[in-house]
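Given the structure of chain E, go ahead and fit chain Y onto it with the hints provided.
First to last, the protein sequences are chains E and Y.
So for the first sequence, the working numbering puts the first residue at 9; every next one is plus one.
So for the second sequence, the working numbering puts the first residue at 22; every next one is plus one.
The hints are simulated quantities; they were obtained by calculation from the structure and are not laboratory data.
Do not rely on the hints blindly, as some may be mistaken.
Derived lysine-lysine pairs resembling DSS-like cross-links, with alpha carbons at most 30 Å apart [to be verified]:
#1 K250(E) x K341(E)
#2 K161(E) x K25(Y)
#3 K151(E) x K128(Y)
Here are some of the chain Y residues that sit facing chain E, going by a computed Cβ distance under 10 Å [stated by the list, open to error]:
#4 M56
#5 Q59
#6 G212
Backbone N, C-alpha and C define an ideal beta-carbon position, used for all residues, glycine too.
Each chain, written out:
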Amino acid sequence: MSKRQVAMVMDLNKCIGCHTCSIACKTLWTRREGMKHMWWNTVNTQPGEGTPHNYEQMGGGFRNGEAQKGIRPTEEDFGVAWDFNHDDVFHGGDEDAFLQANYGEWNNGENWKGPNWDEDIGAGEFPNSYYFYLPRICNHCTKPACLEACPRKAIEKRDEDGIVLINEDRCSGYRFCQEACPYKKIYFNEILGKSQKCIFCFPRIDEGVATACSRQCPGRVRFLGYHDDPEGPIYKLVHEYKVALPLHSEYGTDPNVFYVPPISPVKYDDEGNPTDEHRIPLEYLESLFGPRVKEVLDKIESERKRVAAGEESELMDLLISRKWLDMFGPFSKHPRDVVSAEPVRIVDPAQLSGANPVQIMDMGDKS
Amino acid sequence: MISKRIANIKDFMNPMAPGWQQQQVEVVKMMPTPMAMQPTAYIRNSRAGMPHGETGQIEVSSVHDGETLAVNLSWEGVSPKGGDFPDAIAVAFPLKGNPVLIMMGSKTDPIHILHWKAGKGVKSMVAHGIGLSEKGPEFRIASEAVEDGNRWRVVISRILGTGGGIAPVTPGVDTKIGFALWSGANDERAGLKAFSIDWIPFVVEA
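So here's chain E without its partners, still in its complex pose:
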């Protein structure tokens, strides 16, 4: 266990499924060789298969403290990135050409399941259909199954903040980490022969800047901070008000990403009259976030009523992010204010053929 632990809370009542978080991450971290299929941050529609497809049936994690067997997701499981015929449309000279995705052999259906193929399908029958969005990153677990599984000791949990990192110098591409991670949030770079995953934007965290997915979120979904900081949003939401719950805590890894479960509109009866029942079945939410879901939903609804009645609520002020920067605890600095003399340089070993290291990121960017 690390001395301190950073954590993230995502308020699912505010996620609009815009994928800005995923794009922020992709732009910053996974544009190099072998990373085309990597989305260290994903947003999937629930109920749904998630990404990698059906990851909840892929095993791993711990049961009664014992490491459980898991399977390695393939690139196809994650969802192969589609190519589009942009050249034909924009430069081909055929004014009737229209944009088409190339999923495998041209439109024969192979690899048609992209990483977010079942977006907005959800479940239920009209007028009681329902869905919500579930953003996921690496959980930077307190008991990381990936770290335990690696025979090379290539995975480290930083003592100062508990961020879990793969040391690519030590990684031999054995992929036991992929099998062991029950959340299936580790990707394999076929070109480098290395496993790669979300790094919780540690170069930004080190400078007091929030993760890119958090800062870029238009819905103000993501809170950041340390568990042991009583003034910070993580302590308040997870430990004080207890309205943020881990995803699949039964996997036994003590994840450090927490979710405020979604409150759904009510169901309609056969005559079209509203009922008292939430449209998202409680049992479904409990299958994701555990037995405390009802307690949390009741708490949020009662606080909402208090505010509607003109009373004050610190919890509601926090959840609506009345002050944006309060969401990020000690990581509220603007990236431009921490630009050091030395920009962060990332060397892509795949491109290192005697040439100069490739600089792909400069913290001076406005992200």
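Positioned in the frame of chain E, the structure of chain Y alone reads:
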């Protein structure tokens, strides 16, 4: 095991080269690495009841020309293409002290490994214990491999000599040799492998 002196190593770099047919072939018994010695609980639990290291033997012959050593290795079991892990074989020599092969050496008594992987060639590695192998010294090594039906035939070569962090292998000086083998089709990698149980005395003819 004896490495015979021959005139020109270039005639022996290909595993199918006719010169090899005149060389004595030694059968080396292999056994699976013990499950209890796999370094993580995940590996022990997830592979429980799944056999590994089932290739019971390899055939080895060796020659040198005073400058370069070549080891010709062959064994049954060419994995189908497209798997996640390659077939692989390793030739090990003591680098220093008296390392225990099954322990992959130790901090003070390391092992020098020439690790060949199908489709990737051979790499120099140094191991200081189980799970503690790293990139080894850069020196002249080479490999050539042939798929002979379901049989791999691989020649791994290195320069003879000592110093510069390489395992000493010198004409007229006795040393020891060990082997490890991974079957890609069985998802074998890391400690999931067959190995030659213990060192085999290795004589490089003067």
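Mind checking the CB of M56(Y) against every CB in chain E and telling me if the closest is under 10 Å? violated, 13 Å
Does the structure keep K250(E) and K341(E) at a Cα separation of 30 Å or less? holds, 27 Å
Hint validity - Q59(Y) Cβ closer than 10 Å to any chain E Cβ: holds, 7 Å
Status of the hint placing G212(Y) at chain E (closest C-beta pair under 10 Å): It holds, given that the least Cβ distance between G212(Y) and chain E is near 6 Å, below 10 Å.
Keeping to a limit of 30 Å between CA atoms, is the pair of K161(E) and K25(Y) held or broken? violated, 40 Å
For the pair we were handed, K151(E) and K128(Y), check the Cα-Cα distance against 30 Å. holds, 28 Å
In summary, the numbered hints that this structure violates are 2, 4.
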